[in-house]
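Take the two lone chains, each set in its own frame, and fit them into one complex as the hints suggest.
Protein chains in written order, with my numbering: chain Y, 1 to 446; chain G, 1001 to 1225.
Hint data in this document are derived by calculation from the structure and do not stem from the laboratory. Check before you lean on any hint, since a few could be wrong.
Only pairs whose alpha carbons sit at most 35 Å apart, straight line, appear in this in silico DSBU-like list of lysine-lysine [stated by the list, open to error]: (1) G/Lys1070 - Y/Lys316; (2) Y/Lys75 - G/Lys1070; (3) Y/Lys265 - Y/Lys153; (4) Y/Lys75 - Y/Lys88; (5) Y/Lys89 - Y/Lys75; (6) Y/Lys153 - Y/Lys263; (7) Y/Lys186 - Y/Lys75; (8) Y/Lys265 - Y/Lys173; (9) G/Lys1070 - Y/Lys385.
Covered stretches of chain G (chain Y as the covering partner; in silico rule of three or more C-beta atoms under 8 Å from a C-beta of chain Y) [unchecked claim]: (10) 1037–1046; (11) 1050–1060; (12) 1072–1079; (13) 1124–1138; (14) 1189–1203; (15) 1214–1224.
All C-beta atoms, glycine included, are put in the ideal place defined by N, C-alpha and C.
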Amino acid sequence: MNLPALESARTALDSAKAPDARRAAREFVAQAGRDAAFQLESCVHCGQCADACHFHLVSGDPRHTPIYKLQPMLKAYQREAAPFASVKKLLGLAPPEVTAEELHEWSGLIYDSCNLCGRCTLVCPMGIDIAGLVRLAREGMAAGGFAPADLYKAAERALDTGSPIGVRWPALKRQIELQEEETGLKVPIDAEGAEYMVVLTSIEIMGFSEAIGALARIFRQAGASWTIPSAGFEATNVGVQMGSREVAATLLSRIVDAAERLKVKTVISPECGHAYSALRWEGPNLLGRRYGFEVVQISELLDRFVREGRLRLRGKDTRRLTFHDPCQLVRRGGLTEAPRRLAGAVSANLVDMPGSGAASFCCGGGGGVSAIHRAEALRFAAFEKKKQQIEATGAEALITACGNCRNVLEEAIEHYGMTMPVLGLTEMVAQYLEPAQPIDTERRAG
Amino acid sequence: MELLAFARGPALWASLAVLVAGSLWRIAGILRRGSQPDLSEPRGTRLLAGAMRGIFARMIPRREFRRRNKLGVWNGYVYHLGLAVIVFGYLPHIHFVERLTGLAWPPLADPVVYLCVGVTFVSLFIALMERLADPVRRLLSGFDDYFSWFVVVLPLATGMIAIQQPYTPGAASAPPLDPLPLAIHLLSVELLFLWLPFGKLAHAFLVFASRGVTGAALTRKGAAL
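Isolated chain G (complex conformation) (with noise of 0.2 Å):
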């Protein structure tokens, strides 16, 4: 078998399923350790919008917080909102999740992603220096928080590789001229699938939880979030 068509058929199947088993015995164990209920008497009683209202205040630093921010707080704004116009914006990205789940988008220009493209490399490695420099970040950074910054940036580094090749819409599944750099480019994002559920990747989801339940708590006690 062909190394594109290993990275698009097998292999591609077998990240995602371990992407949603294991995102899914994460989130199950964690369940399982259970909880007891609040016996006090509740202060605020609408706890699922504080818990809503805890997952979105959190996207932002409190006010009071703000003028202490490091460039490694507004620096991850940049690499996660570029991440998230590469992957969602560009049109052979579109056609990739058109041809698994056939839902389809308007793309953005190849232009503006290239850009973000750009943005988003500095941007990553910004945050591993910052992590590296930092003494706060170094002592608290361990393999997970390294290995999580090298499978993001790889798909990143094949992908700008993979641009190279010419691309025709509406063409996703017709082999490229040069397969090698897209079964890279493939392969990379699926070590990234592979990876997320079992470490640092996974506060993707767990972040909600984490935020809903301190949002929820706070607002039963009538307390600031």
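Chain Y extracted, bound-state conformation (with noise of 0.2 Å):
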């Protein structure tokens, strides 16, 4: 284990219990670096990102309009750090510092509000990536303590046990031991030299346990070894989503020790879409390193299997079904063709949502807000665009390739008296396998 990291994350989380503004713009904007920066400045205050953002466009509020979100850190950014900051400070023109009062009306905005699912960010004629913008702001106030406390408590839990919700390893190795009485077929644990390890989100290994057993007959179809790590297994990353860089590297680095110790090939990122985001794109960058290993999120692997001829699938879902695209996969992750063509390998009568792959609404729980209790009211009522879309398909069912999306719509399913099953994509493959063959009785996976 990374111990200073550690106990620098634990030094951050400690001093943000102590809300402090100026700490906050202080890192809003040593978080607006140079492309920050040109967008920051760029935006013309068109609007057109309001109606982009299922919050703006469900509760109408002009607060939710994505750029708006951004106040304090443009703010701070203009008084300190902007080309004529000095000027306008010597003139009396500069903004006013940003105030604890501010941060804390705005942490409802940044946080409960938004979703991180980069709709702004695809509308915006001027090209600003807003809900990066968000993600850095979130560092600001995660640093400054205004933070949502469920993630602050989330993150401490993580920091502790190593995830959000306290699933330790004798509860993912009881579920693994469960799979194997299921299946019949042996989980390979700490398979050093293993060709793919995999890690798992907490919402994976205690509400869709099945995907474990999924794993284990698709990696003995593929014939390729992989491995689950006893430390070093979780991959949602709650400093990712709160904005806490200290953390975010300290939960990564977990995975990449495992990696490492392990001397793995790849590392399989989950149903997840921030645990995708946070593995794939920030991971090297928090820890300010390049891996000596690959990251393939599962769908990609299993679309990348089924293309090659090593997933041979038998049979298809005959309901009609569509397509959830989680966002962090598809519009922020670059995963648009993958994900789609495996449910289509796999159900005869799929459909599109209207807008569907890139412009496709967030579920309402990304970005964090499914942890965040105070939101529940809202994200709820943001799930109604989700629901637009997915009505107007007709569809029986649902797939998607993210535990968290699959949690969060189940419960909005719920909430609205709506009778529709979410299936997880993964799941859905290792249902369509072809019936093992002998030979492939004794290519016992690990």
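What follows is the structure, given as structure tokens:
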């Protein structure tokens, strides 16, 4: 375990216990590097991002306009670091300092009403990556002590136990044993030199543990060696959600340590959008070094296996199905084709939602929102846009490739009294695998 | 010194100097912020092409968002194109640029430009009305937005007054019968030059950086632009 990183993360969380607007402002400014500064300076206040944001569309509240959520960061940047800041200060034209009251108010805007889904980024005519800037602004909010209490608590639990909801190795071990009994297949633990190392999210472990059995069947047929680490198995990264790079780096380093300890070639990011974003795109930058292994999202790997003929599918689900695009995989992660192609390989009647793919609406729970209790009513309200997209398809069931989306969708579907199962893509692929051939039974993975 | 001579001489050169120096200062100030290299393994490596695609792709809203576009979005095209026609298509303006740079090109017919002036003027007022009436834009807008609007409309208004003056092609530097309207028009343009680097009008050059940065970043991930 990386003890200095852990200490640094604990210190960051401790100092956040006493909210300090100036500390937040300093962090806002520190986060405004060249690219962010170009974007902060470019907004022409056209308001088009409001029409892309599901929170604004359902609430009609102008404060839910995505670019407005960046006001404190913009003020701090304009006051302290923008090109004419010193002259404006001399002339008394600089914006006032951000205040604690302001940041408490903005906590609801930057966290509760933003999924970091990036639909605003896609619509901005100035090309401003608004979701990316909100992610940076959260660094200031978290450092200053203005992130939601639920996220601080989840971060503390993740540092202490490895999981934001306290799932430790014995709990995962028990789930693995149950899946081994269910499938009759051995799940390799800490297998050094395996080709693939699978990490999981707490939501999968506790809510959708059949995904573990599905993986065992998939890797068996693909003839690939794989393993799950007993330490560093948790992919959820609350540090990325709340905006604490110290926490994020500490949690990531556990996975990287496991991958290096076990000398694996590829780390498989699980069915979780933000975990993919954290591990695949932010990780090397948070840790300050390139990985010695590849990171591949599970649907990307399965799609590759199917196309290479390593996975042989038989039959398809004949129900009318539709695919929900997880924002961090599709819009923000660039995995537009693979999950949909895979869903098509196991569904005979897959229909796209209106605006599916890159412009799809978020489930409402991304970006840590599903972990913020006070945001629950707003989250259910925001689901209204997703609901409209789903209902337009007349689908009988929903497929997705993110455990958090799945959990949030199930809750929202229940909240709205809808009756629609939500299926995990990995499990669907496992369900339609060709039955094991004799040769396969000899080719036990791991 | 007569007002027109002042507007054509010291005021013009001073405002152009502020325009250039201010714009460079603003760009340099942002570049000075620096950036860290992205250490993640790229999915796409044609970043320059991605930046260019980002610059051009955002000129038109994505298909998925077009149905929700308000009048203001399409109105934006009207006044941007209108201003471009007026600035680059009107003969006296081409002579003005020729006097400064030696560059010239064929003008549009005067009635076409006059029509554009009318349409652009109306379009800019629609833009202001939308900004005041729409709760989102009203919340976002501040002094910079309204003053930027003002310094764009002012040269249009003063130019309309100056149009009343007879104009002899090829005699751009000759004194008009009544020099006051032209002097005021020039001074209003110089006010725009003075303000451009410091306020929202700087989007005229910042837009390329902002779109390019995002275009390259999304291309790196293989994500949609």
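Going through the hints against the structure:
With a CA separation close to 43 Å, the supplied pair G/Lys1070 and Y/Lys316 exceeds the 35 Å bound. For the proposed pair Y/Lys75 and G/Lys1070, the alpha carbon gap of about 28 Å is at most 35 Å, so the pair holds. With a CA separation close to 34 Å, the supplied pair Y/Lys265 and Y/Lys153 stays within the 35 Å bound. With a C-alpha separation of about 13 Å, the suggested pair Y/Lys75 and Y/Lys88 falls inside the 35 Å cut-off, and the hint holds.
Note on Y/Lys89 and Y/Lys75: the hinted pairing holds, with a Cα-Cα distance of about 13 Å set against a maximum of 35 Å. With a C-alpha separation of about 33 Å, the suggested pair Y/Lys153 and Y/Lys263 falls inside the 35 Å cut-off, and the hint holds. Only pairs whose Cα atoms come within 35 Å are accepted, and Y/Lys186 paired with Y/Lys75 is rejected, the gap being roughly 56 Å. Of the pairs offered as hints, the one joining Y/Lys265 and Y/Lys173 holds, with about 23 Å between alpha carbons and a cut-off of 35 Å not exceeded.
The hinted pair formed by G/Lys1070 and Y/Lys385 meets the criterion: a straight-line CA distance of about 19 Å does not exceed 35 Å. Remark: the region 1037–1046 of chain G is confirmed as covered by chain Y, as 6 of its residues place a Cβ nearer than 8 Å to a Cβ of that chain, reaching the required three. A stretch counts as covered by a chain when three or more of its residues have a beta carbon under 8 Å from one of that chain; for the region 1050–1060 of chain G and chain Y the count is 4, and the coverage holds. For the region 1072–1079 of chain G, the proposed coverage by chain Y is satisfied: 3 residues have a C-beta within less than 8 Å of a C-beta in that chain, meeting the threshold of three.
Three residues within the 8 Å Cβ limit are the bar, and the region 1124–1138 of chain G against chain Y gives 6, so the coverage statement holds. Given as covered by chain Y, the region 1189–1203 of chain G passes the check, having 4 residues with a CB less than 8 Å from a CB of that chain where 3 are the minimum. Only residues whose beta carbon comes within less than 8 Å of a beta carbon in chain Y count, and the region 1214–1224 of chain G has 8; three or more means the coverage holds.
Going down the numbered hints, you'll see the structure goes against 1 and 7, while the others check out.
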